Every structure is written in C-alpha cells, then in structure tokens.
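Student: Now for the letters of each chain:
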Amino acid sequence: MNNQRRTVLKSGSGAALLGMLAAAGIITPGMALADWNKAAFDAKSMADTLKALGAGQPADSKDVQVTGPDIAENGAVVPVGVASSLPNVTMVAILIEKNPNALAASFTLPADTEANVQTRVKMGQTSNIYALVKSDGKFFMATKEIKVTLGGCGG
Amino acid sequence: MGNPMKIRAANKDGVTEVKVLVSHEMETGQRKDSAGAIVPAWFITELVAKHGDKVVLTSEFGPSVSKNPYLAFKFKGGAKGDKITVSWKDNKGDSRTDEAAIN
Chain A
1 MNNQRRTVLK SGSGAALLGM LAAAGIITPG MALADWNKAA FDAKSMADTL KALGAGQPAD
61 SKDVQVTGPD IAENGAVVPV GVASSLPNVT MVAILIEKNP NALAASFTLP ADTEANVQTR
121 VKMGQTSNIY ALVKSDGKFF MATKEIKVTL GGCGG
Chain B
1 MGNPMKIRAA NKDGVTEVKV LVSHEMETGQ RKDSAGAIVP AWFITELVAK HGDKVVLTSE
61 FGPSVSKNPY LAFKFKGGAK GDKITVSWKD NKGDSRTDEA AIN
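Respectively, the protein sequence lines represent chains A and B.
Take 1 as the starting number for the first sequence in the working numbering and just add one per residue.
Take 1 as the starting number for the second sequence in the working numbering and just add one per residue.
One should not assume that every hint holds.
[Unchecked claim] If we take Cβ atoms under 8 Å as the criterion, some of the chain B residues that face chain A in the derived model are:
no., residue
1, 56
2, 62
3, 73
4, 74
5, 75
6, 77
[Claimed, not checked] No farther apart than 16 Å at their CA atoms in a straight line, the calculated lysine to aspartate or glutamate pairs in the EDC-like style are these:
no., chain 1, residue 1, chain 2, residue 2
7, B, 76, A, 114
8, B, 80, B, 99
9, B, 54, A, 70
10, B, 19, A, 114
11, A, 147, A, 73
12, B, 12, A, 114
Simulated from the structure, these hints should not be mistaken for lab results.
None of the values given here were measured: they were computed from a predicted structure.
The C-beta atom is built at its ideal place from N, Cα and C for all residues, glycine as well.
Input sequences plus hints: build the corresponding full structure.
Tutor: Below, the structure written as structure tokens:
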C-alpha cells in the first residue's frame, strides 16, 4: 500500500517538473513533432489551411454530413461529427472558420475504417464548421453554422 | 505519463465502434493567466488507434480540440476479446499508450 502511494507521489512531482521546465522555456514546444502537419495547423485562414492540406478548392457535397448543435452554450466543448457516404474515404478533417487556427483535427482512415468520426472541439465564437473529406483522391466539403453563446478560447 | 485513457470498444454486426476519452489539458497557448502571462500551448498532436497490430485510425489534433479529448469512430472487423490499443503524444514530447478489449 505504502509503496503504491510513493509511486503516485513520484509520478505526480515528475509531471509538475516537466510543466515547470516547459514554462521556463527549457523544453520548447514542437520539439518532438515528427509527422504532425505544422503548416496546416499553423495556417490561420480557411484558404491557407486548405492549401496546406493540399485540398485546393473542395467541391460542396451532399454526401458529407457535419453534425453538431445549432447553438453551443459552451464554446469550450462543442461535439462535432463528420460522416460521409462517399467511397474510399482516406482523410477527414474538421475546420472552424473563425478560430485563430482554422484546422481543429484531421484523421487518416485506413480502408476498413468507416467515414464516421466524432470528437469535441473548442470554438472562440459563432462560426461555420467545415468538414473536409478526401474520397478517391478528390476533396469534398460540407458546412454547418454553430452559434456560440460563451467562447471557448481566451479566458 | 498522464492519466489513463478510457477506451470502450464494442462489436455489433461485424463493425467495431471505438470510443476514447483522453485525459489531457489541451492548453491552446492563447490563454493568459491572472498575471497576464500567456499560458504555453500544451496539446496532443497525434493519436493512433490499433486493432491488434493493424492501424485503424491516425489522428492529428490542433489545440482547438477540447480539453480531455473525446473521439469515436467505427471500423469493419474486430471480434470480441480482440485488443484495441490507443497511443497519443503531445507537443511536449509526452506520450501514453492504453489498451482495452472489444466487448
């Protein structure tokens, strides 16, 4: 029992130390990022993000569905889902037009994984949400406006 | 490091639905603390889900994914008792792997 308590204490202080190091700038963020698409996540506008993802000008498609609330009371936790009936979907991305960086998340789907993902995102203000889907090598998009009562970015 | 993830996986009619709840701050780097200093960004950048040795989902997150990220997805195949492994890493180089069996 006592041993276990020691371990918990140790791991707790380890995490705190890591936080302190990072705050002091010893560990710089972005150090261990290998495959992460920095250009796409750093892009501010919708157009730049689409460019960084290699999507160009995606066509609007009825076969892509964005699900989410019409009004989100708390912008810090907005449930968003993307589904598509298009064939051979290999990539799904969620973009929020008016967030500081438009791209929220992107998913790579192997052949057996269905084009149906749900997650939760933060929204700074009322904005259009775009679902970007890559099917058979082409990009398609769908939009939904979500009204935010209380923003989830900034304090 | 970090706290364990909650992973639920259920197979129905040959399709396995996986739900993951990760415990992570997901700090955006935009917030300021009470002293006016910017709170440094701290968020999960990559999350990979595997069924056995086969990757079933690769995700890249930005800081605008909510605190304690939730993720749900479905894949064809999978049987009761099969192992689902989920790993993430964040922008500070921290990482964690957890696993669960399909119900």
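Student: Decide, hint by hint, whether the structure agrees.
Tutor: The hints, checked one at a time:
1. Against a cut-off of 8 Å between C-beta atoms, the interface hint on residue 56 of chain B holds, since the closest Cβ of chain A lies about 5 Å away.
2. The interface hint given for residue 62 of chain B is met, as the beta carbon of that residue sits about 4 Å from the closest beta carbon of chain A, less than 8 Å.
3. Among the interface hints, the one on residue 73 of chain B holds; its C-beta lies about 5 Å from the nearest C-beta in chain A, closer than the 8 Å criterion.
4. Hint status for residue 74 of chain B relative to chain A: holds, with the closest Cβ pair at about 4 Å, below 8 Å.
5. Nearest Cβ of chain A to the Cβ of residue 75 of chain B: about 4 Å, under the 8 Å cut. The hint holds.
6. Residue-level restraint check for residue 77 of chain B holds (minimum Cβ-Cβ distance to chain A is 6 Å; threshold 8 Å).
7. At roughly 7 Å between alpha-carbon atoms, residue 76 of chain B and residue 114 of chain A fall within 16 Å of each other, so this suggested pair holds.
8. The straight-line distance between the Cα atoms of residue 80 of chain B and residue 99 of chain B is roughly 14 Å, inside the 16 Å bound, and the hint therefore holds.
9. Proposed proximity of residue 54 of chain B and residue 70 of chain A is contradicted: the alpha carbons are some 37 Å apart, above 16 Å.
10. For the hint pairing residue 19 of chain B with residue 114 of chain A, the CA-to-CA distance comes to about 14 Å; that is within 16 Å, so the pair holds.
11. Our distance criterion of 16 Å between C-alpha atoms is met by residue 147 of chain A and residue 73 of chain A, whose separation comes to about 8 Å.
12. Restraint check: the Cα-Cα separation between residue 12 of chain B and residue 114 of chain A comes to about 14 Å, which is no more than 16 Å; the hinted pair holds.
When the structure is compared with the earlier hints, a violation turns up for hint 9 alone.
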